[in-house]
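Protein chains: 2
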Amino acid sequence: MSSLIVQKFGGTSVGSIERISKVVERVASRARKGHRLAIVVSAMAGETDRMIGLAKQFGAEVNRRELDALLATGEQACAALISIALSAKGIASISFQGGQVPIRTDSNFGNASIQSVAPQHVLRHLDEGKIVIVAGYQGVTDGNEITTLGRGGSDLTAVALAAALDAEQCEIYTDVSGVFTADPQVCSDARLIRKISYDEMLELASLGAKVLQARSVQLAKRYMIPIWVGSSFEDAEGTWVTKEELTMEGTVVSGISCDRKDAKISLRHLPDPIQSMTQLFSALADIQVVVDVIVQDKTTDGKTNLTFTIPRENLHTALKIAQQIFKGIPDVEIISEEKVAKISAVGLGMRTHSGVAAKMFQCLAREGIEVWAVSTSEIKISCVIDERYAELAVRALHDQFGLAKEPH
Amino acid sequence: MSSLIVQKFGGTSVGSIERISKVVERVASRARKGHRLAIVVSAMAGETDRMIGLAKQFGAEVNRRELDALLATGEQACAALISIALSAKGIASISFQGGQVPIRTDSNFGNASIQSVAPQHVLRHLDEGKIVIVAGYQGVTDGNEITTLGRGGSDLTAVALAAALDAEQCEIYTDVSGVFTADPQVCSDARLIRKISYDEMLELASLGAKVLQARSVQLAKRYMIPIWVGSSFEDAEGTWVTKEELTMEGTVVSGISCDRKDAKISLRHLPDPIQSMTQLFSALADIQVVVDVIVQDKTTDGKTNLTFTIPRENLHTALKIAQQIFKGIPDVEIISEEKVAKISAVGLGMRTHSGVAAKMFQCLAREGIEVWAVSTSEIKISCVIDERYAELAVRALHDQFGLAKEPH
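Sequence lines, in order, name chains A and B. The first sequence begins at 1 in the working numbering and counts up by one. The second sequence begins at 1 in the working numbering and counts up by one.
Take the hints with a grain of salt, since some may be wrong.
Treat identical chains as interchangeable: a pair holds within one or across any two.
[What the hints assert, rightly or not] Quick list of in silico lysine to aspartate or glutamate cross-link-like pairs, EDC-like style, CA-CA up to 16 Å:
(1) Lys89 to Glu61
(2) Lys56 to Glu18
(3) Lys298 to Asp272
(4) Lys339 to Asp292
(5) Lys195 to Asp331
(6) Lys210 to Asp183
(7) Lys195 to Glu244
Everything labelled a hint here was simulated from the structure, so no lab data went into it.
Looking at chain A on its own, in the form it has when it is part of the complex (with noise of 0.2 Å):
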């Protein structure tokens, strides 16, 4: 049997019946080289934004499954037109939309979980020589409902879909190079990252996600999907975020990734550390507020100081929960910052070298950059920063870790 592949196309890949037609001509010649092709597709580009447009002129309350149920025909148009244009050049297709595949979710309108991709139906088209075009970031619940599934719903489509088909691959073009060593449009010389591994390409979050969203790298995670990651205008070599290989281990760190979405809060002086800390994230957790990186340290004086960050949106009401609950207490300091970024070095190699950290502190205190707070994962340091030197900070750390340089 002939390898299967997944592709999937995002909205400007698909944005014009130009760019639609060059999609085709690259599943066409893809075709042509003997593989079984499975193609998710993105609603052309604007048209989901559009039909929001139409919604809400009827009132900023949007019925959320009926916003479902229209913005769901925007990746059904889109999977019909490629079909239509692959039946044009004589190339057998069908197209499905998540219901006929089916595509099972719960009912979680607007950000439905994947529950299951049944593979029979794709799976017996394909094996009648056709290729089978699905569209993106939808499903159905079992009473046959239409859900979608959030922002980049249809990367996630993509990889539950060669998971389902136990594909060899998935295949994700966008209008990005790749996933890079830090951002390009902060460091000049950030480099193209040929392979990563599942673990880093989570952990680089900001670099990540503006490539691939990361529900879609944890399930490929889970099944071990290779993804490959590129442009769909240009026949660039991309990105493969794939499990963990032996040699990734010789870079230590794979890229520098920048968060500029949170806000800090400082507590100085607390005399209860573990009932102060047990009271306030509850308070937090209650209201969905997600606290990011935690730090706390002890003062000369037996108090304790904590410092934590949140995203700024939630800012202004965890400062109004904190204030509640400190607000009979002497000495307690509260003290915010809006506005931090928090620069992290990820590389599996951390695991085995010792000292990134280190060299990490040392380069930012060179530039004179103080560290608010500090938090680690195994591949991962992030240290959080006055939002003002975040660009200065991933250069320097870029240079430090030698990232423009090819790997050797």
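Place chain B on chain A using the hints.
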């Protein structure tokens, strides 16, 4: 249980956000009167043509299965939008694609026939107090493939749904005020017909077809669903299309219709009419050419003259076939006329009133209009004439049968 009504809104009625808002107001005010409402919608005006345009850019030969999948999204999106608009006004509603009802069809893509409409799902939601919005013009095959019902298919969806739900009536909202005694563009004193029988509506062909698709009328007749058809832009009286009522026979002629889509072929001096006609009409049927009026008469020398009408676009092909069949036979003359009009007078009263044909011929003769062929049914007389006199004929007959006056 409160009465159940099916309302259908055509493409121009939902052609913009403003117009959708008007439809929603109309639906909401009807719902407040305590009716249970199932709404069938077309795609927003222009959407279907826009999508056909997109599809054709990939080649003239468009895969019909995929075209159906593409086109069906237009109604699906509109159904969801209407439900979003109702929800925004606090009115409980739910939208369904054809396949979610489900509406089952055969697999004749582009022109599918409805085989069944399952009422349970819609009824359950109606009974929960929701307004149910169904995407018109579409269904699914037993294999769950999306089909469309052909031009005017949303009317058919509405009538089939009304039949399945055992609705009290089916209201078709469109951009015209109803059915008139003649085309108001041609005949300035044409009058709105308040009530007409299914059979008359079917025979009024051109007058009716502009308002209501013939298949829908046939279906409504079979299930005895009263149809109301009128404008969604005004509070118009509209036209009721219902089963025959005793009082209807009082009106000898209900309306004058005019078809301008045919051409005429005459064959003179055929030696063996039975064999000739069999041969000719079989050949035409083989290539799907529909023959309408057929008139045959004997000449004094024992030969036969034959005149028949066919769709104008088939004239060239039909002539070639006739020439081939009769090329060896001496004396046979083939004459064609591209532009003919078929003027029809329709009315239930013809069954009991004789002399309608005579009155019609006299009237046309008085205007100097030659009648080239005649065909009759129980409630219709049609005359084929030179298209140049079509308007004149309609006006003269409208006047002759006193249609401008209100029926007594």
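Hint-by-hint comparison with the structure:
With identical chains, the CA atoms of Lys89 and Glu61 are at most 16 Å apart between copies only, with a shortest distance of 10 Å across copies and 44 Å within one. In this assembly of identical chains, the alpha carbons of Lys56 and Glu18 lie at most 16 Å apart only when taken from different copies (13 Å versus 30 Å within one copy). In this homomeric assembly, Lys298 and Asp272 come within 16 Å of each other (Cα to Cα) only inside a single copy, at 11 Å, whereas the closest approach across copies is 115 Å. For the homomeric pair Lys339 and Asp292, the shortest alpha-carbon distance inside one copy (15 Å) is at most 16 Å, but the shortest distance between copies (79 Å) is not.
Taking the closest pair of Cα atoms, Lys195 and Asp331 never come within 16 Å of each other, the shortest separation being 52 Å inside a single copy and 85 Å across copies. Taking identical chains as interchangeable, the C-alpha atoms of Lys210 and Asp183 lie at most 16 Å apart only when both belong to the same chain, with a minimum of 10 Å there against 60 Å between chains. In this assembly of identical chains, the alpha carbons of Lys195 and Glu244 lie at most 16 Å apart only when taken from the same copy (10 Å versus 77 Å across copies).
Of the numbered hints given earlier, the model fails hint 5 alone.
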